[in-house]
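J.: Here is what each chain is made of, one letter per residue.
Protein chains: 2
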Amino acid sequence: MKKILVLLWLASAISFAQSDDEKQLKKVYSESLLNGKSYAWLDHLSNKIGGRLSGSTNAAKAVQYTKAELEALGLDKVWLQEVMVPKWERGKPEEAFIVMGSKKVMVPICALGGSVATPEAGIEAEVIEVQNFEELKTLGKEKIQGKIVFYNRPMQADLISTFEAYGGCVNQRYAGAKEAIQYGAIGVVVRSMNLRLDDYPHTGSMSYGDIAVADRIPAAAISTKGADLLSKALKLNPNVKFKFSQHCKQYEDVLSHNVIGEITGSEFPNEIIIVGGHLDSWDLGDGSHDDGAGVVQSMEVLRLFKETGYKPKRTIRVVLFMNEENGLRGGRKYAEVAKTKGEKHIFALESDAGGFTPRGFSFDCSDGNFTQVESWRKLFKPYLIHYFEKGGSGADIGPLKDDQIVLAGLRPDSQRYFDHHHAENDTFDAVNKRELELGAATMTSLVYLFDKYGTVKEKKIKG
Amino acid sequence: MKKILVLLWLASAISFAQSDDEKQLKKVYSESLLNGKSYAWLDHLSNKIGGRLSGSTNAAKAVQYTKAELEALGLDKVWLQEVMVPKWERGKPEEAFIVMGSKKVMVPICALGGSVATPEAGIEAEVIEVQNFEELKTLGKEKIQGKIVFYNRPMQADLISTFEAYGGCVNQRYAGAKEAIQYGAIGVVVRSMNLRLDDYPHTGSMSYGDIAVADRIPAAAISTKGADLLSKALKLNPNVKFKFSQHCKQYEDVLSHNVIGEITGSEFPNEIIIVGGHLDSWDLGDGSHDDGAGVVQSMEVLRLFKETGYKPKRTIRVVLFMNEENGLRGGRKYAEVAKTKGEKHIFALESDAGGFTPRGFSFDCSDGNFTQVESWRKLFKPYLIHYFEKGGSGADIGPLKDDQIVLAGLRPDSQRYFDHHHAENDTFDAVNKRELELGAATMTSLVYLFDKYGTVKEKKIKG
Chain A
2 MKKILVLLWL ASAISFAQSD DEKQLKKVYS ESLLNGKSYA WLDHLSNKIG GRLSGSTNAA
62 KAVQYTKAEL EALGLDKVWL QEVMVPKWER GKPEEAFIVM GSKKVMVPIC ALGGSVATPE
122 AGIEAEVIEV QNFEELKTLG KEKIQGKIVF YNRPMQADLI STFEAYGGCV NQRYAGAKEA
182 IQYGAIGVVV RSMNLRLDDY PHTGSMSYGD IAVADRIPAA AISTKGADLL SKALKLNPNV
242 KFKFSQHCKQ YEDVLSHNVI GEITGSEFPN EIIIVGGHLD SWDLGDGSHD DGAGVVQSME
302 VLRLFKETGY KPKRTIRVVL FMNEENGLRG GRKYAEVAKT KGEKHIFALE SDAGGFTPRG
362 FSFDCSDGNF TQVESWRKLF KPYLIHYFEK GGSGADIGPL KDDQIVLAGL RPDSQRYFDH
422 HHAENDTFDA VNKRELELGA ATMTSLVYLF DKYGTVKEKK IKG
Chain B
2 MKKILVLLWL ASAISFAQSD DEKQLKKVYS ESLLNGKSYA WLDHLSNKIG GRLSGSTNAA
62 KAVQYTKAEL EALGLDKVWL QEVMVPKWER GKPEEAFIVM GSKKVMVPIC ALGGSVATPE
122 AGIEAEVIEV QNFEELKTLG KEKIQGKIVF YNRPMQADLI STFEAYGGCV NQRYAGAKEA
182 IQYGAIGVVV RSMNLRLDDY PHTGSMSYGD IAVADRIPAA AISTKGADLL SKALKLNPNV
242 KFKFSQHCKQ YEDVLSHNVI GEITGSEFPN EIIIVGGHLD SWDLGDGSHD DGAGVVQSME
302 VLRLFKETGY KPKRTIRVVL FMNEENGLRG GRKYAEVAKT KGEKHIFALE SDAGGFTPRG
362 FSFDCSDGNF TQVESWRKLF KPYLIHYFEK GGSGADIGPL KDDQIVLAGL RPDSQRYFDH
422 HHAENDTFDA VNKRELELGA ATMTSLVYLF DKYGTVKEKK IKG
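Going line by line, the protein sequences match chains A and B.
So the first sequence is numbered by the numbering used here: it starts at 2 and just counts up by one.
So the second sequence is numbered by the numbering used here: it starts at 2 and just counts up by one.
These are computed hints drawn from the structure, not numbers from a lab.
Do not rely on the hints blindly, as some may be mistaken.
The list treats identical chains as one, so a pair stands whether inside a single copy or across any two.
[To be verified] Quick list of in silico lysine to aspartate or glutamate cross-link-like pairs, DMTMM-like style, CA-CA up to 25 Å: (1) K379 / D368; (2) K27 / D159; (3) K242 / D368; (4) K24 / E135; (5) K312 / D159; (6) K382 / D368; (7) K148 / E83; (8) K38 / E165; (9) K340 / E390; (10) K382 / D365; (11) K233 / E136; (12) K38 / D200; (13) K27 / E390; (14) K88 / D22; (15) K342 / E459; (16) K38 / D229; (17) K144 / D22; (18) K242 / E130; (19) K382 / D216; (20) K226 / E268; (21) K453 / E180.
If we strip away everything but chain A, and leave its shape as in the complex, we get (with noise of 0.2 Å):
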C-alpha cells in the first residue's frame, strides 16, 4: 500500500511538473512571437551593418553591436574573446564568359572564398566537365592539362533533407581546385550548390590543402544557370572556351571576437549551457540565413529567459562565434579556452541552418542522453516540432565535443536553405519572421530543459 501510495505521489508530482513545463513553454513562445525582438536585431544586423566577411568592417561592426545589444538586455556578464582570423577580400565583381568562336555569352561567376585571382585580364581555356574526381582521374593529365574543370555535379533532387544533398556535392566546390591542379588544370569552375536553376552564383570556403601558393589556381562558382547553359554549349562543341577574372586577396589573420553573454547559474553556476551561432557571414548577400537567424535566435534564448521570468540554476551563455565560414576560428578559441580554464561544458545547441519554421533538433550525444531528450517530445507537439534524431550537431560547438557533453543543432525546415545560401539573395527579405521567432522559441525551450533537468551523467565503462 505504502508503494502504491509512493508511485502515486510520483505520478502526481511528475505530472505537476510536467504541467509547470507546458506553462514555460507557452510563454517563451507567446513572449518570442507577440513581443520578439530577434526580427528586429535581424533587420539591424543585415539591413544596418550587412555581408560579415571574417576580418571585415562589418565584421567588426556586428561584435560591436551584438556587443551593445546584449549589454541592454542586464545579463550577468557580457565580454569579447580575442581570436585571430583569415581576411580574405573579393575585389572587384568577376566576369565569366563562355567563348564559342567569336560569340561571347557572359555567365553569372563568383570567385570561392580563399581562392586566389586570375591574372588582371582573366584566363581562357578549353573546359573540360567532370561529375567527380574519380573522372578526373580516368580523364587523366592528358586530357586535363592546360584546361578549366569544371565540375558539374548537381545536387540530388529527390533527398529530403537538402543538406544530405549538399554533402553530397560540396567535395567539388572543397577540394576541387586541389584535384585538378594534381592533373595540370589551370582554373576550375564548379556548379552552384543550390537546388533551384537561377542566375545566383553560390561561394562557398575550399582548400588548397599543401600545395604551395605560387602553384595554386583560381576557383570560381558559377550558377546553376550558367552551368546547365555551359554543360549545354559543350555538347554542342567540345571546343568551346570558358574565360573569368577574378580579384580576391588573401591578407595576413587579423584581430577579432567572439561575443559572449551570460546569466550565472543560481544552483550550479559552473555547469555551463551554451547556445550560439556564427557572426560572420558570405559577403555576397547580407547573411540573413547564415547566419544572422543563428545569432539573434541564440541572443533571444537569453531574452526570453529574463522576460518570462526564469532564473536558470545552470550558467547559460550565448555565444556569437566569428569565422565559422572560412576557418572556424572563433569555435576553435572558444573550446580552448573553455579547456584552458577547466570550464564544464553540459549542453551546447547551435543554430546555422536557416530562419526556417524550425521542425526539431539532431543530437550527438549518449543514448541515456537522447532517451531524456525523448521523454520531452510530448512538451514540444503543440508547436510542431517534431524532429528528434541523433546526427551531428554544428561546426562552432564541434571543438567541445566530449564523453560528457550534449551538443545539439536546431533543424529547420530544409527546403528552402540552399536557394539563398551563400549567394547575393541571402538577405532580410528571404526571413519569415514567425519562423525566425519560433525557432527562437524552440531553441529556448530545449535549452529550459536541460537548464533544468541536467544532462544524464554517463559512466565510463574501463577498457
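Here the structure of chain A is known, so what remains is to put chain B in place on it, guided by the hints.
T.: Below, chain B without anything else, positioned relative to chain A:
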C-alpha cells in the same frame, strides 16, 4: 503450433506488404522531386493565365487548360461538369485616404468580394474603430449612424496555427458590413487578415445576409500598415475622416465548370476516391498558393500513379472545383451529382492551404478509420510528415460528408500562408518548387494507401 505458424506467416506477410508500401512511397517522392510536372503546370496557371475569379475569362481559360493537360495524361476519362457561378468584378482600382483636415494620406485598400460599389466619387465620413461586434452593439446607433466602421482586430500572433488565428478574425470581414448596417453605418473598412505589417490589402468573401440590395453599404479591406496608421490617426484626433471609392459590380450568374479526370479502378471501380483543389482564385494576385498549388498537386497525384506504374484498385478522380472563393458552387454541385448518380465515395482529399512544405493531414472520419491512418504514420516518417490529427478537411469536399466517407485536408506549414492569402502578392515566385512537389508526393502517398487498403466500414449503431 499451427496458430504460431499462422501468426508468423501473418507477420511476414505484413512486413512484406510494409516493404512494398515503403518502395511505392519512395518511387512517388522521387518521381515528384526529379520529374514532377506540378511546378510547370502552376507556372502556366499563374503566369500565362493569372487570377481566376469565378465567371471571368481567366477562369474559363483555366478550365480549358487543365482539361487539356489531364487529357494529355492518358486518363480513362476527363470531363467538364457544368455549374452556375456568381460573377463579381472589381472594376477600376480602389482609392482611399485618411483625411486629417486639409491633409490627406493615401492608404492601400481593396473591395471585399461581393461588396457593392461606392458612388463614383467615393464616400467620406468620420470613422469609428471597433475590435468586434460586441463593441459595435455597445456603441449603438447613436455613435455609429452615418459613420464608417473600422474593424481592427488583428490576427492573434501567438497561435501556432495561422489558420486558427484567421478563424478568430474572419467574421469581421465576412459579416462586418451586415452587422454595421444595423447601426446605420455607411461603409466598412476591415483590417486585412495578415500577420505581417505590409502594404497589401487582402480581399475575401463577405455576405450581406438578407439585407436588401438598396440598403447595402460598401466594404473594403485595408492593408495592415494602413490599419495601424488609421488607428494611430484616430487616437490623435477622433474627428479624422476616411474617404474611399470602389467600383465593383455583381452580375448575373454565369455558366462555368468543374474539371474532372479519372483512372477507373481495376478491382472496385464503384468505390471512388477523389483528390482536388479549387481552380478559381481571387483576382488580385495570380492565385498561386490559393489554390493553384492545390490544383496542380491534385493533377500530379494521377500523373504520379501513371508514371510509377501503379494501377489503382479503386477509381481515383481528380476534381478541380470552380468557385470555392465566393460561393462553393462547384463543391456543392459535385456532391449533388454524386448523390443523384448514387456514386459511392470512400475517401476525399483536398489541398487548399498553400503550396508550402507539407506537414501532414487533418481528418474528418470515424475513430476506426483514424486508427488505420495512424498505423500508416511510420511510412511517412522519412519524408518528415508527422501531423495526423482529427479536425477539418476542406470546404469543397465538405458537401460529400456522410457517416462512411473519410475526408482529409493536406496540412502544409502554415506560417507564411497569410502573408499572401487573397492579396496581390499571392504569386508564382512565392511558391518553392520542392515544397510544392513534396506536397504532391505526400498526397499521392495517402491516396495510394487508401486505394490499396480501403476504408474501415463503420457499423451503424441503431438508436
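J.: If a hint holds in the structure, say so; if it doesn't, say that too.
T.: Checked hints:
no., hint, in the structure
1, K379 / D368, "both (19 Å within a copy, 22 Å between copies)"
2, K27 / D159, "between (36 Å within a copy, 9 Å between copies)"
3, K242 / D368, "neither (55 Å within a copy, 66 Å between copies)"
4, K24 / E135, "neither (56 Å within a copy, 30 Å between copies)"
5, K312 / D159, "between (45 Å within a copy, 23 Å between copies)"
6, K382 / D368, "both (22 Å within a copy, 21 Å between copies)"
7, K148 / E83, "neither (43 Å within a copy, 64 Å between copies)"
8, K38 / E165, "between (32 Å within a copy, 24 Å between copies)"
9, K340 / E390, "neither (28 Å within a copy, 48 Å between copies)"
10, K382 / D365, "both (22 Å within a copy, 20 Å between copies)"
11, K233 / E136, "within (19 Å within a copy, 66 Å between copies)"
12, K38 / D200, "between (33 Å within a copy, 22 Å between copies)"
13, K27 / E390, "both (23 Å within a copy, 21 Å between copies)"
14, K88 / D22, "neither (45 Å within a copy, 53 Å between copies)"
15, K342 / E459, "within (22 Å within a copy, 68 Å between copies)"
16, K38 / D229, "between (42 Å within a copy, 20 Å between copies)"
17, K144 / D22, "neither (65 Å within a copy, 47 Å between copies)"
18, K242 / E130, "within (12 Å within a copy, 67 Å between copies)"
19, K382 / D216, "neither (55 Å within a copy, 49 Å between copies)"
20, K226 / E268, "neither (57 Å within a copy, 46 Å between copies)"
21, K453 / E180, "neither (50 Å within a copy, 51 Å between copies)"
Of the numbered hints stated above, those contradicted by the structure are hints 3, 4, 7, 9, 14, 17, 19, 20, 21, listed in ascending order.
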